[in-house]
Amino acid sequence: MSGERPGIDRPLTLVFAALGGEGGGLLSDWIIDACTASGLPVQATSIPGVAQRTGSTTYYMEFMRASNDDEPLFGLYPAPGYVDMAVATDLVEAARLIEKGYVTPDRTTLIAATHRVYAMSEKTAMADGTFHAPRIHDAARQFARHVVLRDFAEAGRVEGTMVNALLLGAMTADERFPVDTDALAEAIRGRGVAVEANLRGLAAGRRLAADDASAAIVDTGVPTPPTREAPFPEGVQAMVDAALPRLVDYQDDAYARHYRERVEAIDRAAGRTAAGVEVTRETARYLALWMTYEDVMRVADLKSRASRRDRIRRETGAKDGEPVRVTEFFKPGIDEFSTIAPRFVTRWLTAWAERHGGVDRFHLPVHLRSDTIVGHAALRFVAFMGRRRRRTARFAAEQRAIERWLDAVNRTAPSNPALALAIARCAQLVKGYGDTRIRAMRNFDAIYSTLIEPAAESGDGQVAEHIEKARAAALADDEGKALQAYLAGATTVSDNAAIQRGAANKQDNPTRIGGNA
Amino acid sequence: MERSFAKEVQSLKLGDGEVFHGEGILAITKALLQSGVSYVGGYQGAPVSHLIDVMADAQDILDELGVHFEACANEASAAALCGASINYPMRGAAVWKSTVGTNVASDALSNLASAGVKGGVLIVLGEDYGEGASIIQERSHAFALKSQMWLLDPRPHLPTVVDLVEHAFELSEASSTPVMMEFRIRACHMHGRFKTKANKAPAVSRNKLINDPDFDYGRICLPPSTYVQEQHKISHRFPAALDYIRRHRLNEYFDGPLDDVGIIMQGGMYNSVLRAAQQLGLADTQGNSKLPLAVLNVTYPLVPEEISAFCAGKRAVLVVEEGQPAYIEQNIESILRRADVQTKVHGKDVLPMAGEYVGEVLLNGLSKFVERVSPAGVDVAGVARVPRDIAAVKKDAADALGAPVPTRPPTFCTGCPERPVFSAIKLAQKDTGKLHVAADIGCHTFSTLAPFNIGNSVLGYGLGLSSAAAVGPAMDRRVVSIMGDGGFWHNGLTSGVSGALFNETDGVLVIMNNGYTSATGQQFIPSTGKNFKQHETGMSIRKALEGMGVKWVRTVTTYRVSKMVKALRDALTTKQGGLKVIIADSECQLARQRRIKPQIREQLKRGERVVRTKFGVDEDLCTGDHSCIRLSGCPSLTVKPSPDPLRADPIAHVNEGCVGCGLCGEVADAAVLCPSFYRAEVVQNPGRIDRFLDGLRRRVIGAPAP
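So the protein sequences, as listed, match chains Y and D.
Sequential numbering of the first sequence, starting at 28, is according to my numbering.
Sequential numbering of the second sequence, starting at 17, is according to my numbering.
Please keep in mind that the hints were generated in silico from the structure rather than gathered at the bench.
For glycine and all other residues, C-beta sits at the position ideal for the given N, C-alpha and C.
A hint or two may mislead.
Reference listing, derived: stretches of chain Y covered by chain D, where coverage requires no fewer than 3 residues with Cβ under 8 Å from a Cβ of chain D [stated by the list, open to error]:
(1) 126 to 136
(2) 145 to 152
(3) 164 to 178
(4) 187 to 194
(5) 289 to 302
(6) 313 to 327
(7) 352 to 359
Label pairs and their calculated CB-CB ranges [unchecked claim]:
(8) D/Pro420 with Y/Arg370: 52 to 60 Å
(9) D/Lys23 with Y/Arg338: 38 to 46 Å
(10) Y/Phe411 with D/Ile705: 25 to 33 Å
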């Protein structure tokens with residue numbers, strides 16, 4: 028088949044993958060109009076169906092680059108191994124084209140925007156469920172005859188136009204594309220939709236595609252640490268550097284020192300082997316997050332900063348002189364009042380609530396205008412209360428839980444770094460507000476009492492794997508069903524006496540930490 | 017319709033010898049006018065909504081020709097519309113989505129087919145089968161068989177399609193039988209061209225009135241007429257149809273050098289079969305096949321003489337027939353046996369019995385066929401290599417990507433007013449316990465997908481409430497039924513509501529009142545307030561319900577999640593028996609945006625004060641748990657990498673697509689979720705008071721850092 032000149036000996040085929048509402052229909056209209064005006068045979072089809080509602084959808088076109096009287100046979104379906112140009116508005120849609128065999132080294136030019144519009148399954152994951160982008164970049168290079176991966180979305184923001192126009196421009200950079208930018212510009216004017224913006228997009232897209240320098244660099248993550256004399260190993264130092272300012276900002280220097288001492292302790296226990304360093308790094312990460320747990324005071328503080336006002340102006344694209352009104356959605360419950368009110372009030376309030384159907388039943392919805400003087404003052408006042416955070420019941424409870432966790436890491440790190448790492452990582456579960464946070468803490472406690480504590484005492488090696496699996500299970504669903512199921516199974520393999528102790532321990536020391544700011 | 021189809025309407029005005037450029041379904045619309053129809057009606061649904069939208073916008077043309085357009089209440093009334101052609105020489109067409117629409121229409125269709133027609137009747141079927149389909153996967157073919165209606169399946173080539181539309185009316189009149197024509201999704205959306213003819217004014221129409229009503233008991237569906245009618249189908253109509261199809265060569269036959277074998281296909285399969293043949297080196301790019309082809313533009317009835325003539329002298333033929341059962345393959349087998357032609361018939365043995373025949377499927381099937389029969393002068397090994405290579409590429413691709421690419425099913429649009437209702441149901445279940453939810457057809461069917469996964473069954477359009485009738489009494493708590501306003505007027509009012517009242521059903525019905533049949537393109541419905549002629553209708557869902565005697569009715573704005581949760585709780589727990597109806601009220605956001613965007617642009621130009629609302633998430637407060645997304649699923653509520661090196665998990669983020677519907681805040685509030693959300697209102701063209709207050713606040717609070 029190759030050897031034939033696409034668009035001359037056989038139709039040139041183009042498949043365009045987009046999401047509903049990204050202007051794929053308009054894009055194909057532009058191309059059809061341009062071809063028709065140039066007297067070139069073209070056929071296009073699509074399968075909007077229900078996919079128009081933000082689902083993935085494809086448009087398929089076939090053309091000839093020279094007009095001839097006896098029209099060739101045009102197909103209605105893209106066929107694997109028979110696609111000359113594969114175009115996608117999103118990196119994962121590009122991956123889908125590769126997966127379906129529409130991208131082959133003998134003929135396919137792959138043009139795709141590198142930004143991501145995440146699929147529902149990627150968004151609803153309780154941790155990180157996003158598809159691994161670098162793999163897509165590699166696959167693109169492996170399977171396409173010619174690859175054009177660019178950040179067309181960003182270019183779109185700059186040019187104030189949609190991605191479809193930019194991709195159209197990029198298509199014209201392929202010498203086999205049947206129509207030139209002039210014909211397309213005419214078509215864009217003819218359709219009369221956001222003409223100026225789309226013309227800018229057309230030109231910019233072509234520039235971008237032609238300019239290999241702007242080719243997407245794959246960022247595999249890993250923040251590079253500052254190059255200064257570091258008492259901690261590299262990875263750890265990066266974490267500590269990020270953490271210390273956060274802790275000072277959260278409480279005070281003393282609190283930051285306390286953090287540092289805790290990390291040093293782990294560092295000593297874990298040692299400087301590769302495994303040990305990893306334990307210290309992950310512990311340093313989650314310790315910093317846990318120690319700066321979000322309570323009302325923290326939330327009020329962060330929400331009443333000038334830097335935040337600027338960020339909101341940026342995100343809303345407010346012009347100078349355009350006032351921006353900001354409304355916050357709070358629903359403080361007993362926990363929140365407790366953090367501000369003196370202890371005796373807290374005790375009385377909690378007792379009363381327990382009598383009337385439980386602490387988490389009582390909430391006071393507050394819609395606060397934080398841009399007003401009164402609203403701002405209120406936030407600053409609550410933020411100010413942060414100075415007495417150390418005296419709140421919540422603080423004490425959080426520190427207890429932290430110590431318990433750190434102690435387990437400390438005890439296991441020297442003998443069994445793998446186990447220590449698994450324990451350290453469990454702190455990933457501790458996040459969220461209100462119900463979410465309470466649920467998270469419940470899961471953490473369950474894993475702690477059922478697996479961590481027994482293992483920390485017995486030093487039982489293979490438990491590390493169970494803990495990792497349990498953490499994954501805890502992140503599998505909202506209601507903690509997967510975790511319960513897993514723990515039920517896992518217990519059978521670990522020492523029963525330990526579990527008894529764990530269970531007992533869980534009863535006399537229920538850590539119920541919550542708090543929706 | 018909020019949209020305008022003026023451009024499309026223009027292409028309906030083309031005269032003799034001009035060139036039409038456009039989609040297949042629009043070409044058919046033009047072909048109807050060229051055929052001199054007196055009336056056109058139908059019910060919207062992909063992939064044929066476009067025909068209805070354009071007709072509704074083409075009043076001036078229709079008035080000039082005297083063509084009556086009816087926006088029908090459902091497919092049954094669209095089919096009944098064709099009753100006009102039983103007594104009078106009026107050509108008419110009805111259009112709908114099939115097979116679901118044909119199911120609804122089949123009562124009227126059976127009677128129409130039995131009575132027979134004087135004027136030609138064409139039923140245009142949008143065969144919603146395969147990729148992109150939104151309905152259960154069945155074939156319309158069976159309806160043609162059971163009612164003795166003829167079924168056309170034209171080759172996807174606009175000149176051929178238009179030509180066959182005109183023939184369809186002739187065929188219908190020659191055999192006094194309604195004709196059905198099926199178009200697959202891609203054919204409907206296929207962009208092509210054809211030479212037009214001038215539109216033909218019908219002989220009988222609202223411009224040329226009938227003054228003498230026709231009575232003929234022979235046309236009535238009661239014995240003994242019905243017996244006579246069935247006999248007449250066989251003795252006269254069937255032979256007449258065969259004769260017409262043969263004489264006018266409606267089916268196409270192409271010779272090829274490899275004439276010891278051949279391919280018989282549905283017309284609709286032509287392009288894809290040829291493309292597969294090209295890939296296997298069995299056809300050239302102009303579509304000249306090395307194998308002889310029989311292209312059946314008429315798939316029922318088959319002409320026995322044509323089939324046996326094509327097969328005579330061939331060792332084997334391949335029948336390419338999409339879907340199941342294999343009606344055509346069976347039909348061909350029996351024709352060949354009767355004619356004692358010993359050609360081997362392949363079909364479902366090398367092609368899949370079920371599912372759409374996409375390019376790759378046909379490629380594999382065709383190569384299997386070649387391997388089985390190895391035609392003289394074909395490099396069989398070379399043919400067999402092609403699909404193997406493609407399979408290898410796909411396997412390598414899968415390995416390279418490491419994991420299956422996440423699927424992307426459709427979901428509610430950004431700011432959709434139906435989404436909050438399901439957030440509310442999800443929240444209400446925290447107290448009431450899991451509920452049985454009888455879902456319905458419409459955008460709201462997406463509630464069955466992530467992140468809601470609400471809806472235990474779907475039984476058909478407008479049948480949500482009816483489908484709860486037997487579950488309800490067997491359930492320890494009340495059952496919630498869903499119904500869209502589209503489904504309500506389509507049949508839900510009569511099949512569901514009246515049934516529930518008559519049987520004293522104790523249950524909860526949620527009616528999504530977004531103002532249009534949104535899933536099919538925001539066509540107007542009785543409760544929209546006006547019809548496609550922009551005339552007031554004065555019909556309302558609430559009035560209809562109260563008129564029928566529903567005692568418990570609440571109207572709740574969908575975006576107020578807490579209020580919706582409360583309404584649901586009340587409906588589920590009230591002592592009051594009988595039917596409890598919650599009208600979930602808010603306009604379709606797509607339609608709304610389409611309407612207000614230009615208005616806002618104008619206001620801004622005129623320098624008027626406009627407040628733009630957008631929601632946001634504080635990136636330093638979000639802990640990356642994503643509960644908010646699991647309760648909302650809004651496309652503009654997404655994730656992004658955390659700017660904080662300490663946080664490994666991506667954080668929630670509201671992108672620029674946000675239309676400020678407010679669901680984020682409502683959910684965060686109702687679910688006691690998280691304080692990260694904020695609502696930002698940008699005051700554009702601020703007034704004096706705005707500027708004064710802003711200045712004051714900036715001075716006191718501290719002006720933003722540069």
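Right, here's what the structure says about each hint:
no. : hint                               : verdict
1   : 126 to 136                         : holds (count 5)
2   : 145 to 152                         : holds (count 8)
3   : 164 to 178                         : holds (count 4)
4   : 187 to 194                         : violated (count 0)
5   : 289 to 302                         : violated (count 0)
6   : 313 to 327                         : holds (count 4)
7   : 352 to 359                         : holds (count 7)
8   : D/Pro420 with Y/Arg370: 52 to 60 Å : 54 Å, holds
9   : D/Lys23 with Y/Arg338: 38 to 46 Å  : 43 Å, holds
10  : Y/Phe411 with D/Ile705: 25 to 33 Å : 31 Å, holds
Consistency note: the structure conflicts with the earlier hints numbered 4, 5.
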